[in-house]
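So you can see what is in the structure, the chains are spelled out below.
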Amino acid sequence: MAIGRPAEAAADIREATGRRGWLATMVEFCRERPLGAIGAAVVVVNIVVGLGANVIAPYDPVATDYGAMLARPSTAHWLGTDAFGRDVLSRIIYGSRTAMLVGFACAFFGATAGAVIGVASAYFAGKVDLLVQRVMDIFLAFPLIILALAVVSILGTGIGNVIIAIAIPMIPRAALVARSSALAIREMPYVDAARAAGFRHRRIILRHMLPNVMAPYLIMLTAFLGQAILAEASLSFLGLGVSEPIPAWGLMLRGAAVQFAESAPWMAIFPGVAISLAVFAFNLFGDSLRDALDPRLRAQ
Amino acid sequence: MTKYIVKRLLLMIPTLLGVAVLIFFLMRIVPGDIVELRFAGESSYAQKETLDTERARLGLDKPIWRQFVEWMGGLVRLDFGTSMWTGAPITEEIRLRFALSLQLAIMATIVAIVLAIPLGVIAALRQDTWVDYVVRIISIAGLATPSFWLGIVFILGLLIVFKWLPPMVYTPFWVDPVQNLAQLIWPALAVGYRYSAVATRMTRSAMLEVLREDYIRTARAKGLWEKLILSRHALKNAMLPVLTVIALEFAFLIGGLVVTEQVFNLNGLGMLFVEAVAHRDYTLTQALVMLVAFVFIFVNFLVDLAYAWLDPRIRFR
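The listed protein sequences derive, respectively, from chains D and U. Residue numbers for the first sequence follow my numbering, so the first one is 675 and each next one is one higher. Residue numbers for the second sequence follow my numbering, so the first one is 79 and each next one is one higher.
A short list of chain U residues far from chain D (calculated; beta carbon distances all over 10 Å):
(1) 157
(2) 173
(3) 189
(4) 249
(5) 291
(6) 302
(7) 304
(8) 321
What the simulated footprint calls covered on chain D by chain U, stretch by stretch (three residues with Cβ under 8 Å from a Cβ of chain U suffice, anywhere in the stretch; the number is not a length):
(9) 802 to 812
(10) 898 to 912
Hints in this document: simulated from the structure, not taken from any laboratory. Yeah, the Cβ is synthetic: ideal placement off N, Cα and C, and Gly gets one too.
With the hints as extra help, turn the sequences into a complete structure.
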């Protein structure tokens, strides 16, 4: 192979190592996994809608209009209004912001903390591993709702505390998965080499082992996204999550939505559809990602 | 085998102890106590003396470590004490609620199994056809739909289409089975759908794995009936992971259905949890947490045991 210009050489290397640009990878993902691509598209729409809520929403989500209470869906209010005359569509659009924020924050925090703990536990092995495993067992056996109730009672309601309440129970689940992948990586020659080179434990764990559990990490991250959105909706529905007047999907289903369910069913229907659609999209995308990343499934 | 069982049972003790320590101290970090809450409702200002006598009566004036030791002493003798809020024995408080939660969990499990196993098997047999896609979409949707919202939709649908509302007051099964089922079938369906989604996915992937095994090819090569291959060779071996998710989900349903219970106005363990924490009823909350943790740990133990029992390739260590 003649040495050509740098760009050609780079292309050669890419070809030789089987690496392609991210654009080509994306195109291939869309072609091979259309369901996953649809999921990803809906996720992107959700994020865009959440970020641009103030531009997209036709009304102020907290503005009350006592002249249009419990109005049916119409051209003025596409999805109707609630008991305070607030526009349901605008509240759903703003609710997307809350859902995405809570979803991404919880999934990132839970999966990352869990992965670090799991990898460290596998790396140190022996007594440390045993102790960490027992502590994780305790948290797994602990009822979720009690943990959330306690966190909210101690810290108060609000988005930040909801994120903590939801992310903490995710940590042991992530740690279990990361640990089992890391057990195999610990035996790899490059970890031995790093140890022989006299690197600190922290560096070996964070720089050498953690990047190699990326596939299970990403799979967990996408699975947690949907779960976090569902958990936030449940907590808000119970009055333990995001508090009024912040628009959140779970909160919109609370109180008046059930009370006026017969005369104004749109209040109870549409926020639930928004939750289901968002989580559905995340799961669809996550499933395809798992199929693409899991070498065992890919081999088939 | 006996050694394995004993070892696993002994391993449950440190976990339960950890849960006990965690809930005991967690409850005491939560601001406010039961005495303050009770008297806050009655008058704007309660004498400090009154509060102190009440605290002494409930044993809250003792040092924390003594409270813990006394509670643990009771736990060992399976004596959970009395509820701080109502004064009734805790076993009495929990019994009826537990019966309701257990019945709902069993009904949801039946719904899940009836849906999941046939759907999962069909999807695996017709992998990558439209049947498979439809089943997968149904099950992913099941994971995405909040059970409590599905419950609201059920109530709404019954109300608008049939002008009928399921009974909102609980009747024990042994008093009036029809009334009881008319109320509980809806939450069971709402919860069972999500539950079945988890199980369907597991059935499908386990079947896919098993169908690739050599012994299935051998069975086919022998010219065995396809029906017999599926039921006796494939399904039987694919059931282990399915059993696991069903069991773990079942453990979660006991005490985990707070929101669905709220929607259907059911006084199950989930609602009792919320009340107990809201009242800062330490004894009741602690007892409930121990009960739910025990169910979870015990179900895990049973699953491991079932694995060892049903799959001779797994050796006890």
